[in-house]
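Just so you know, the sequences run in chain order G and P.
For what it's worth, our numbering labels the leading residue of the first sequence as 56, then goes sequentially.
For what it's worth, our numbering labels the leading residue of the second sequence as 56, then goes sequentially.
These are calculated hints, taken from the structure and not from any lab test.
Hints are not guaranteed to be accurate.
No copy labels: a pair is met if it fits in one copy or bridges any two.
As a list, the in silico DSSO-like pairs of lysine-lysine whose alpha-carbon atoms are at most 27 Å apart [said to hold, decoys possible]:
id	residue 1	residue 2
1	K265	K189
2	K177	K305
3	K255	K265
4	K255	K305
5	K265	K188
6	K106	K234
7	K305	K113
8	K113	K255
9	K234	K177
10	K106	K177
11	K234	K305
12	K113	K189
Being a predicted model, the structure only gives us computed values, none of them experimental.
There are 2 protein chains.
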Amino acid sequence: MTPQELRRLSAAGEFHKPTAGYCDGYVQANLLAVPSDYADAFEQFCRNNPKPCPLLEKVGPGNHFTSYLSDGANLLNTIPRYLIWENGQIINEVEDISEHYRNDLVFFLLGCSFSFEEALVKSGIALRHLAQKKNVAMFNTTLALQSSGPFSGNMVVSMRLIHRSLVAQACAITAHYPKVHGEPVHVGYPELIGIDDLAKPDYGEPVEIKNEEIPVFWACGVTPQNVLIQSKVSFAITHAPGYMFVSDRKNTEYFQCVYQ
Amino acid sequence: MTPQELRRLSAAGEFHKPTAGYCDGYVQANLLAVPSDYADAFEQFCRNNPKPCPLLEKVGPGNHFTSYLSDGANLLNTIPRYLIWENGQIINEVEDISEHYRNDLVFFLLGCSFSFEEALVKSGIALRHLAQKKNVAMFNTTLALQSSGPFSGNMVVSMRLIHRSLVAQACAITAHYPKVHGEPVHVGYPELIGIDDLAKPDYGEPVEIKNEEIPVFWACGVTPQNVLIQSKVSFAITHAPGYMFVSDRKNTEYFQCVYQ
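Based on the sequences and whatever the hints tell you, model everything.
Structure, rendered in structure tokens:
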């Protein structure tokens, strides 16, 4: 399926699944939309915390069609599932946000680690959650973010189990994708970042830990949702975790040699 | 001091110290010299195990002057200290090997992690052993090497303590220097590679482990010396650990974008 087809089906109410595993090779993005009163503060929050919140495209106010990540996708219905937030709580889960749209909404599309998973797998680094078609395990941490206006809180990380002999390579490969979270924020020793039990992720699904595997932690695009809970912004719309905006950009476009 | 000056002083018997901290920016190299009967097998051993044994230059038989790493340095006296080996045992420690020289000796100069330490420090990753002017801590491991002829054994690693927030960056930076050991072979969890006590290195000096620091392990150019012990080659000459060949090549020449 092409990204255009997936977005067309989604807009028609005919695609209802998490987007992982669809449209291989294409960038998927996290969404946070807030009223324009909050937009400058959130944009600064992204600049302050580029690892969990790498900003790929900003749309609006007064517009809800992408121009960079795709040519004119309608952000009101091309994501398969949305969450509606009020005062830091999810009040609704919908497949179309047309009736929640306000003219002052600003849409922020943020990079997603699905993009670097392609590079890891191509380098021979197996990822069990992909093989088992599970959502990646994600955890709240004690890693404090740099606040901006009402936006503050702790980082959410995604966790992948990597054989000890490949951990450093996984770091090196993902460092080449700074706009989709880049290199890990932490390697091994989950207790150092406030994670008590790898078998109980805060989001996504647990995976079995095999012998000689090290848990490796990347900054996660679910972080803004944790920040919404902690900062109690009056109104926001996000994608539902796992149900991403599928763009027309290729993952390979985000490869960068950062240590030139 | 320039590399030429250091080598001139060494040849004149006027330089007797470990070379770490001298001639910043220039590549230092490990030495192993074996009779030509062993040379092909050792060259293949380097190809089999490029992380611990990255071959930078081969000299001889019938010649003991470098041409690539420097323009004509005499390998018999420009290294400050040498070890003479017989049947896997050190039988002598000397500052000039002229009287041990045999016409059939082949000299192998191997990359050294001093080269990537410059890049780490420039990126803001502090290395305590450098600040404290200590030799880096090195450990024997259970990581088996791929044997070639008489050459077999386990890898020796150098260990650096890195703050947890910088571990992945340290992996990414050193991955750009594949000819000087590249990215780490192991991160954290020393027991997984057979290291029982970080306070008791097999070579070099221990350093204090501070809060939130992770031990990170790189393949080490002392590996061939461990292999000599384990494979009991009849005759060999090496540098003494820490007393390296200081070349005219710049560390920056060994930067490579390996994940293009």
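Tested hints:
1. K265 with K189: within (16 Å within a copy, 37 Å between copies)
2. K177 with K305: Close inside one copy (15 Å), not across copies (33 Å); limit 27 Å.
3. K255 with K265: within (16 Å within a copy, 29 Å between copies)
4. K255 with K305: neither (33 Å within a copy, 49 Å between copies)
5. K265 with K188: Within. Shortest intra-copy distance 18 Å satisfies the 27 Å Cα cut-off; inter-copy 40 Å does not.
6. K106 with K234: The answer is within: 8 Å in one copy meets 27 Å, while 30 Å across copies does not.
7. K305 with K113: within (18 Å within a copy, 44 Å between copies)
8. K113 with K255: Intra 34 Å, inter 54 Å, cutoff 27 Å: neither.
9. K234 with K177: For K234 and K177, the Cα distance is within 27 Å both inside one copy (19 Å) and across copies (23 Å).
10. K106 with K177: This pair counts as both: shortest intra-copy Cα distance 23 Å, inter-copy 21 Å.
11. K234 with K305: within (13 Å within a copy, 32 Å between copies)
12. K113 with K189: Result: close neither inside a copy nor across copies, 30 Å intra and 51 Å inter.
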